[in-house]
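Asker: Each chain, letter by letter, is given below.
Protein chains: 2
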Amino acid sequence: MSELRRDPVVGYWTIISTERSRRPIEFHLSQPPAESECPFCEGREAETTPEVFAIRKKNAPDAKGWDVRVILSKMPVLSKSKVPDSYGQGLYDLMEGVGCHEVIIECPEHKHDLDELPSEQIERVVKTYIARINEMEKDPLFNYALLFKNHGLIFGSANDIVRHSRSQLIATPITPKRVKEELIAARNYYERHDRCVFCDMLRQEMKEGARVVAQNEHFYAFCPFAARHPFEVWILPKKHNADFGKTALEDIPDFALILKECLGRIRGLLNDPPFNFVLHTAPFRHKKKPGYWKTIDEDYHWYIQIMPRLTHDAGFEWGTGIYINPTPPEDASVLLREAEWKG
Amino acid sequence: MSELRRDPVVGYWTIISTERSRRPIEFHLSQPPAESECPFCEGREAETTPEVFAIRKKNAPDAKGWDVRVILSKMPVLSKSKVPDSYGQGLYDLMEGVGCHEVIIECPEHKHDLDELPSEQIERVVKTYIARINEMEKDPLFNYALLFKNHGLIFGSANDIVRHSRSQLIATPITPKRVKEELIAARNYYERHDRCVFCDMLRQEMKEGARVVAQNEHFYAFCPFAARHPFEVWILPKKHNADFGKTALEDIPDFALILKECLGRIRGLLNDPPFNFVLHTAPFRHKKKPGYWKTIDEDYHWYIQIMPRLTHDAGFEWGTGIYINPTPPEDASVLLREAEWKG
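Respectively, the protein sequence lines represent chains W and B. For any residue, its number in this note's numbering is found by taking its place in the first sequence, counting from 1, and adding 665. For any residue, its number in this note's numbering is found by taking its place in the second sequence, counting from 1, and adding 665.
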């Protein structure tokens, strides 16, 4: 059972994950399991937790015949769905670690790179993302679900080094601090300007063109002006939309294509670097609290943030929150555009 | 020349460091220079920038005979001292990268571990920290100076893998977001309770004793309740003091001892892990803005945060700001207390 603990000064929450509890010796990296032992490959369904969702051509759940498969994490960061017990301990606040942690297996074959899948398969992956986020929204205990992908070797747990393309979705009982900060900032901008800050950013980026990486009819990808990571790329829908879960079906092929292109260019240029991507989207809006994010459909705008991990946050970044990026985004975008990419 | 750029949504600042500008190929780690090539060793003073401060037994600056030596960074994150030019570019804000970046070389011999130095030498290091911070405060352009130490191999720049014990001090023209958040939170707590939140935390920690790592007459070290990193340790002065730069001379030996012990126990238990430490202290308070942090001497409390880097922030941490810590601080403190330590 994991526990959410609140720092008494600034108020950030930490998950103390006893499911993953580790003694010093266990922090050393184990070897990645061989391909023949990968539990995410088709035909080894019995070795994972039961599937909670799949796009399948044939057969019943937990058998062969799927294209995309979603399971519960074996080492969930958060789990269980009941009203969390929450209490104080002197100065400190605690909450039971209620939530949900799913793994989205993006292909039946043992492939490592999402961008190497055919675009029709990436479309299925995107449809799965949408379906699972919309499903989690139904649970009144959850306020947010973060979709993210950790790719590559730097992340330090044996589970992370299974080289089979997948993403993760974690629902939380609170709206996380970083999410809230962005939502509030976007609302403040909207109140002042009567325009979405992301739409304004898109307009300026498309006009200047200095930081573009790729674009198509419905999406635009660029290196953000104040990128905290070298070669960071954001993908935004050109048409205003706060909620990734409400992406129109006809926009999905374009999104799959631009995601494939951006990840492919990053992999080609930077020699398959470790990266994370994170979806920024509107929080769940349950009927029981209609007022809280009332204007969010106007003032927020979803996007995918792709962060190659070539540098590491060290003391300065930790102490100040200011990141040092040694590659100006204007240079990064030229290099990414000019990188070889087969498409 | 580096540039500070402000994200138009949340408002975080990034340093685009053209001094450190890197093309893709340069992100691969170079080999650490051999000991015989270490520019920080005594006798190689001519290979660094001129010293700006030293504690020396003999000789003029930039010659042998020093115990602690401070130089300007060869690859400064921020540099120059003049009123920074700051302007807008459509939606975006920019500021020239004004500031100062010093390297504090902690011993003349080629030693890697601060905790292995004799405690009298660590006292000299601490006195140097205090002297440099107080010196930087005199420059009216600087609002803050962050003292930090990056130790070990994960930080990805050739410069970082010189294995010679040192810390860094970077002065910034702004009060960084993370610093401000903590200062404001501490002030809010004080307004509500008429007590310092850190003093209250110390009182509870000392009473419970469940997370203590080490203590002596003037200092207390413990694993914080909501630790974001496994085996994270905070060292606080027992007597209320907001400003590290105002540490009493007679308290320095106790601080040197507890720092030595905490770093030594972490190194012993975790097999010399990479770590960062960061000093949290009051920002500079220039006469020209007396009102801004008026009550800070009452409501803030300095501390050192030591973070072994055994896990890495990945997509979830980045997207939510919620860290996952697999080792409860109550377990970490027992392991650290019981670790072999020669003292």
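Treat the hints with care, since some could be wrong.
Heads up, the list lumps identical chains together, so a pair's fine if it works in one copy or across two of them.
Here are the simulated DSSO-like pairs of lysine-lysine, each with C-alpha atoms no more than 30 Å apart in a straight line [said to hold, decoys possible]:
#  : residue 1 : residue 2
1  : Lys729    : Lys803
2  : Lys904    : Lys745
3  : Lys723    : Lys904
4  : Lys842    : Lys776
5  : Lys1007   : Lys803
6  : Lys903    : Lys722
7  : Lys845    : Lys959
8  : Lys729    : Lys904
9  : Lys959    : Lys1007
10 : Lys803    : Lys904
11 : Lys959    : Lys842
12 : Lys792    : Lys747
13 : Lys845    : Lys723
The hints are simulated quantities; they were obtained by calculation from the structure and are not laboratory data.
Asker: What are the numbers of the hints that this structure violates, sorted from low to high?
Answerer: 2, 3, 4, 5, 6, 8, 9, 13
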